[in-house]
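> Taken in sequence, the protein lines are chains R and V.
Anchor point for the first sequence: position 263 equals 263 in my numbering, and the numbering is continuous, going up by one each time.
Anchor point for the second sequence: position 441 equals 441 in my numbering, and the numbering is continuous, going up by one each time.
It is possible that some hints are incorrect.
Think about it this way: if two alpha-carbon atoms lie no more than 30 angstroms apart in a straight line, the pair counts; the simulated BS3-like pairs of lysine-lysine are [stated by the list, open to error]: (1) V/552 to R/249; (2) R/533 to V/398; (3) R/279 to R/398; (4) V/477 to R/249; (5) R/559 to V/236; (6) R/599 to R/559; (7) V/378 to R/249; (8) R/249 to V/215; (9) V/311 to V/236; (10) V/533 to R/254; (11) R/272 to V/236; (12) V/408 to R/552; (13) R/561 to V/311; (14) R/236 to V/249; (15) R/97 to R/236; (16) V/477 to R/236; (17) V/311 to R/215; (18) R/254 to V/236; (19) V/51 to R/254; (20) R/477 to V/215; (21) R/599 to V/254; (22) R/254 to V/249; (23) R/599 to V/552.
Chain V residues, not near chain R, derived (Cβ > 12 angstroms throughout) [what the hints assert, rightly or not]: (24) 175; (25) 233; (26) 234; (27) 269; (28) 278; (29) 312; (30) 313; (31) 326; (32) 347; (33) 375; (34) 529.
Keep in mind the hints are simulated off the structure, nothing from the lab.
All C-beta atoms, glycine included, are put in the ideal place defined by N, C-alpha and C.
There are 2 protein chains.
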Amino acid sequence: MVQQSMPKSENSAFPPEEQPDKVYLPRTSESETLKKIRHTASHVMAMAVQKLFPKAQVTIGPWIENGFYYDFDNPEPFTESDLKAIQKEMVKIINRKLPVIREEVSREEAERRIRDINEPYKLEILEGIEEPITIYHLGNEWWDLCAGPHVENTSELNPKGIEVESVAGAYWRGDETRAQLQRIYATAWETPEQLAEYKRRKEEALRRDHRRLGKELGLFVFSDLVGPGLPLWTPKGTVLRSTLEEFLKQEQLKRGYQPVVTPHISRVDLFKTSGHWQKYHEDMFPMMGDSEDESFVLKPMNCPFHVQIYKSELRSYRDLPIRLAEFGTVYRYEQSGELGGLTRVRGFTQDDAHLFVTPEQLDSEFLNVVDLILSVNKSLRLENFKARLSFRDPASNKYIGSDEAWDKAESAIRRAVEILGMEHFEGIGEAAFYGPKLDFIVRDVLDREWQLGTVQVDYNLPERFDLEYVAEDGTRKRPVMIHRAPFGSLERLIGILIEEYAGDFPLWLAPLQVRLLPVSEAQLPFAQTVASKMRSLGIRAEADASNERLGKLIRNAEKEKIPVMAVVGAKEVESNSLSIRTRASGELGVMLVAEMLEKMQRAIGDHDDF
Amino acid sequence: MVQQSMPKSENSAFPPEEQPDKVYLPRTSESETLKKIRHTASHVMAMAVQKLFPKAQVTIGPWIENGFYYDFDNPEPFTESDLKAIQKEMVKIINRKLPVIREEVSREEAERRIRDINEPYKLEILEGIEEPITIYHLGNEWWDLCAGPHVENTSELNPKGIEVESVAGAYWRGDETRAQLQRIYATAWETPEQLAEYKRRKEEALRRDHRRLGKELGLFVFSDLVGPGLPLWTPKGTVLRSTLEEFLKQEQLKRGYQPVVTPHISRVDLFKTSGHWQKYHEDMFPMMGDSEDESFVLKPMNCPFHVQIYKSELRSYRDLPIRLAEFGTVYRYEQSGELGGLTRVRGFTQDDAHLFVTPEQLDSEFLNVVDLILSVNKSLRLENFKARLSFRDPASNKYIGSDEAWDKAESAIRRAVEILGMEHFEGIGEAAFYGPKLDFIVRDVLDREWQLGTVQVDYNLPERFDLEYVAEDGTRKRPVMIHRAPFGSLERLIGILIEEYAGDFPLWLAPLQVRLLPVSEAQLPFAQTVASKMRSLGIRAEADASNERLGKLIRNAEKEKIPVMAVVGAKEVESNSLSIRTRASGELGVMLVAEMLEKMQRAIGDHDDF
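Isolated chain R (complex conformation) (with noise of 0.2 angstroms):
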């Protein structure tokens, strides 16, 4: 069971200097100051709404990872300008220096002053919240029930740094059989600098944005009839899995893995056996049937049925490790409100594999294993990444397998980190149950992380499948599991991929590797034939057809970001050659047609640029 990893974004162990050009934003899980300005931003903020609004109710408004938010009940819906107004209040209020007081009142006084003020939802939450129970001022003219912590005057908040962003619905509760509420977003950060950095990436990451990209490239595409989370992969889109697929098989090819295939659906009870029903159903798709004993259901991870295979025959320990391998497509049943884009998705391709390993082989496999990560993200080009560590916490005793296992399981992912020299942090207590395991957590060119490749050991699956293999005395031996996914999720790192390159693809990896372009109609069957010399080498190469001027053409394969154009006017026909021009390096001059073939070979080999 490889876990979908998911975006990490308490988890920051990269210090500032690692950006050295960039303004340092620190994050608000890290920082207590960036707290307190973010939730006394957000008293002030209801303070200038009801100045401005005088029928708007307060309910609720938190700090949140950029800033806050406050939500309202108003009878108008708020409007751009009143954003504005609101923003110009808010700076107004801040100005005044008014300082922020804490007062602890009794319950009974809490009740007596909301009633003052007529606030009916600040008495619901009162009712929800306990003892002592605080009351934040804004100076002697606002107040507002709250847990705090507050800077101790609004003249510590910078208004430069302050921006009111945006209004959108949101129930009461979260309910939606509640009032409808409007939440105002707003950034907030210690300096101008910080705003000015925060707005430079929430840019860059709108232009990165894979789903924009993924519609503009024409990669992938979803149907309201197939459903939400269930993305449909184009021809593009294709090249790009089958291209990373291919590239993985071989890899894994070369170290001994071997490739399986297994049905999407099983049985209910081989999820049973394996244990993920009790602990995992509510995440999986609903069974089809409704007898547990006869119907199926759709897998949400492929190893109880490699385990199938293992089993299918009597192993010994001359056969192992056994490294099987799929690209198994599984599915999870995640909320449609928490689906976006290729990130987060119902049914998602794990480069899954499982190695059936002797204790004794644990250390070289699990070597093996993080080296081929290493190579994998190195020709991703995802270099910016660090192992976390998950290990048993020796105080508890929820885990299963002997100590003696576990320090050998855990001493072999140390000494695959240190051999192979990664940066890397140990979280103690923070292994499953079954076994420790490592992850890769990628920085990306917007400074988020993610997890990406994982490696798990794992005694559980061995032991519920009760795996054996002949040990060389003769006498049956439990092997141990190894979970891994270099890739983690084919959709998810896709989505990834796109962002990190803005949706200029690497040479290897670009849907279309060249285009030719002809300066005129007369070369076009020059162009097609090169093309056509091109594809039958496995470059993925057309050419424009479209008899549009030069100028034009240039454009549209610019806009499709093609890595290489190659134009094609009378002179080179009449030499066998090719004007060329990359994305990555510009203009390279005019090249023989061979010259050029064996060149861009070499470079799609090698996963470099041409």
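Here the structure of chain R is known, so what remains is to put chain V in place on it, guided by the hints.
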């Protein structure tokens, strides 16, 4: 929608002259004589049983493809020696030259006679049959209710052409709540030569049985926990699958197909729009969830997904034809009693593609598809086949699409088979309501017929999904769809190929292509170096490291049906050569390693034997 094809045993169109070296086995469905022989032999068997087992009650006894059976209610189970005794008794009855006499009786008379002999099952049968009620007598000793036809005298049966084969359980009327009966199977032919040929084929079928060979060669496994009809592909079987897929993928790329990838599930709505839900949902797995609007289903076919990709952009006549291809795994809820090995499964991978074409392109695209299927069949060495052209019945009006469109499509199909010089026959009125089609009926080495490749023209889905393209004159027009699958189902194809080849896969398909056999341990390093060199060239090779004697190594390789063995002794190491022995051509003598590699690569590339 490409239908999962099934054996068409009733559809014989091959004259006996095609197997000049074999005894021709007539089919019961074609031969009136055989029907009569089997019908009468079944009565003879029932008479024999009642003579030997006076408590046995008779029920029904029809003729079947290779003989007949009769179901008896008898207190004791029939043993092997009982069957022999029955056979002997039958010979006696036949040799008595009893006349077979037809008598027409009234219902009352029939009932009276049945009550006389106290046969309650016959009474129940009588209730279900219509007048005229006929009885067939064997001499004046035994009779049965029967519609005939029969031979005129038991002397027309050849006792050396009849054999009692086996006994199995069966329920009265196939209803498991009713009495359990014993069904005795027998085979019956006109001549002893036909019986011998039948037995030879039966034995050959057993020898080639893909379920047995699949297990022996380690190609696929089933698991009770996963469920029936859901094969799991082992490493060796996965080589078969991926080699076939890769071969077809390359053939398709050359012909301008574009691979796509789509989910295995969708909202029910997709299949309501396509019409599959209404017409087909009994054959689909049950919904996941219980609301038709919100629930998901496993896909029984890929077409509606490819339609969604087509529809995701506005298409121009310049973009057409668009050929979307997917090795799409689909799931159909076959009854568990119908499942057997790979030929009928619940999950199978179609080599599916959908061509979206203008009406003008139908001709050339159809030709292109048929040409592809021919080249696939040639590579698979399935060269004994015919085309069945399923056309509309011009007198019926159940078809959608204009007469003109149908004429065009039917003549496109007819022209394609004529241009390609294919043997074919037309089935008037056999077209689906949505368009005509062409099926490839392959006859295998056991003289059985299988429907494999299929091409269907479809006017319906473009209509239901309102598909369009912008024509040259700027108007919106409706494209035509072609569904096609040269393999049909990968699972079934592999099942058929295993039997066709009796497990002896041609070199290019064999899971392991060459095994290097070191004469002694001293030659193992050389063998391993050569094997590794071979693998780097894409040849599936391994060195046998078991350190057994050469004779044992050769026997093992033969048992595993590995196409090429390369023996390495001291002399071979010295001269950098290999001593080659192949399953297809026997001993090939000593060859330099370099020469062998080159020849082998060429043979694999050309799909030749070595």
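> It remains to establish, for every hint, whether it holds in the given structure.
Right, here's what the structure says about each hint:
1. Between residue 552 of chain V and residue 249 of chain R the alpha-carbon distance is near 34 angstroms, which puts this suggested pair outside the 30 angstroms criterion.
2. As the CA atoms of residue 533 of chain R and residue 398 of chain V are separated by approximately 49 angstroms, the hinted pair breaks the 30 angstroms bound.
3. For the hint linking residue 279 of chain R to residue 398 of chain R, the alpha-carbon distance of about 15 angstroms falls within 30 angstroms, and the restraint holds.
4. For the hint pairing residue 477 of chain V with residue 249 of chain R, the CA-to-CA distance comes to about 43 angstroms; that exceeds 30 angstroms, so the pair is violated.
5. Annotation: proposed proximity of residue 559 of chain R to residue 236 of chain V is violated, straight-line Cα distance about 45 angstroms (limit 30 angstroms).
6. With a CA separation close to 24 angstroms, the supplied pair residue 599 of chain R and residue 559 of chain R stays within the 30 angstroms bound.
7. Distance restraint check for residue 378 of chain V and residue 249 of chain R: the Cα-Cα separation of roughly 29 angstroms lies within the 30 angstroms cut-off, and the hinted pair is therefore satisfied.
8. Note on residue 249 of chain R and residue 215 of chain V: the hinted pairing holds, with a Cα-Cα distance of about 26 angstroms set against a maximum of 30 angstroms.
9. Between residue 311 of chain V and residue 236 of chain V the CA atoms are separated by roughly 39 angstroms; this puts the pair beyond 30 angstroms, and the hint is violated.
10. Under the criterion of a C-alpha separation no larger than 30 angstroms, the hint pairing residue 533 of chain V with residue 254 of chain R is consistent with the structure, at around 12 angstroms.
11. Of the supplied pair hints, the one linking residue 272 of chain R and residue 236 of chain V holds, its CA atoms being roughly 29 angstroms apart against a limit of 30 angstroms.
12. For the suggested pair residue 408 of chain V and residue 552 of chain R, the alpha carbons sit about 40 angstroms apart, so the restraint of at most 30 angstroms is broken.
13. In summary, the hint linking residue 561 of chain R to residue 311 of chain V is supported, as the alpha carbons are separated by about 24 angstroms, within the 30 angstroms threshold.
14. Under the criterion of a C-alpha separation no larger than 30 angstroms, the hint pairing residue 236 of chain R with residue 249 of chain V is consistent with the structure, at around 15 angstroms.
15. Pair hint residue 97 of chain R plus residue 236 of chain R does not hold up; C-alpha atoms about 58 angstroms apart against a cutoff of 30 angstroms.
16. Under the criterion of a C-alpha separation no larger than 30 angstroms, the hint pairing residue 477 of chain V with residue 236 of chain R is consistent with the structure, at around 25 angstroms.
17. The hinted pair formed by residue 311 of chain V and residue 215 of chain R meets the criterion: a straight-line CA distance of about 14 angstroms does not exceed 30 angstroms.
18. Of the supplied pair hints, the one linking residue 254 of chain R and residue 236 of chain V holds, its CA atoms being roughly 17 angstroms apart against a limit of 30 angstroms.
19. For the hint pairing residue 51 of chain V with residue 254 of chain R, the CA-to-CA distance comes to about 71 angstroms; that exceeds 30 angstroms, so the pair is violated.
20. At roughly 25 angstroms between alpha-carbon atoms, residue 477 of chain R and residue 215 of chain V fall within 30 angstroms of each other, so this suggested pair holds.
21. Restraint check: the Cα-Cα separation between residue 599 of chain R and residue 254 of chain V comes to about 24 angstroms, which is no more than 30 angstroms; the hinted pair holds.
22. With a CA separation close to 23 angstroms, the supplied pair residue 254 of chain R and residue 249 of chain V stays within the 30 angstroms bound.
23. Restraint check for residue 599 of chain R and residue 552 of chain V: not satisfied, since their Cα atoms lie roughly 49 angstroms apart, outside the 30 angstroms limit.
24. For residue 175 of chain V, the shortest C-beta to C-beta distance to chain R comes to about 21 angstroms, beyond the 12 angstroms cut-off, and the non-interface label holds.
25. Distance check for residue 233 of chain V against chain R: the nearest CB is about 4 angstroms away, which does not clear 12 angstroms, and the non-interface claim fails.
26. Not every CB of chain R lies more than 12 angstroms from the CB of residue 234 of chain V, the least distance being 6 angstroms, so the non-interface label is violated.
27. Some Cβ of chain R comes within 12 angstroms of the Cβ of residue 269 of chain V; the nearest lies about 5 angstroms off, and the non-interface call is violated.
28. Chain R leaves residue 278 of chain V outside its interface by the beta-carbon criterion, the shortest separation being 15 angstroms against a cut-off of 12 angstroms.
29. For residue 312 of chain V, the condition that its CB be more than 12 angstroms from all CB atoms of chain R is violated, with the nearest at approximately 4 angstroms.
30. Some Cβ of chain R comes within 12 angstroms of the Cβ of residue 313 of chain V; the nearest lies about 7 angstroms off, and the non-interface call is violated.
31. Under the 12 angstroms C-beta cut-off, the non-interface status given to residue 326 of chain V relative to chain R is violated; the minimum distance is some 9 angstroms.
32. The beta carbon of residue 347 of chain V is not kept farther than 12 angstroms from every beta carbon of chain R, the shortest such distance being approximately 5 angstroms.
33. At the 12 angstroms boundary, the C-beta of residue 375 of chain V stays outside the reach of chain R, the nearest C-beta of that chain being 17 angstroms off.
34. With a cut of 12 angstroms on Cβ distances, residue 529 of chain V stays outside the contact zone with chain R, its closest approach being about 16 angstroms.
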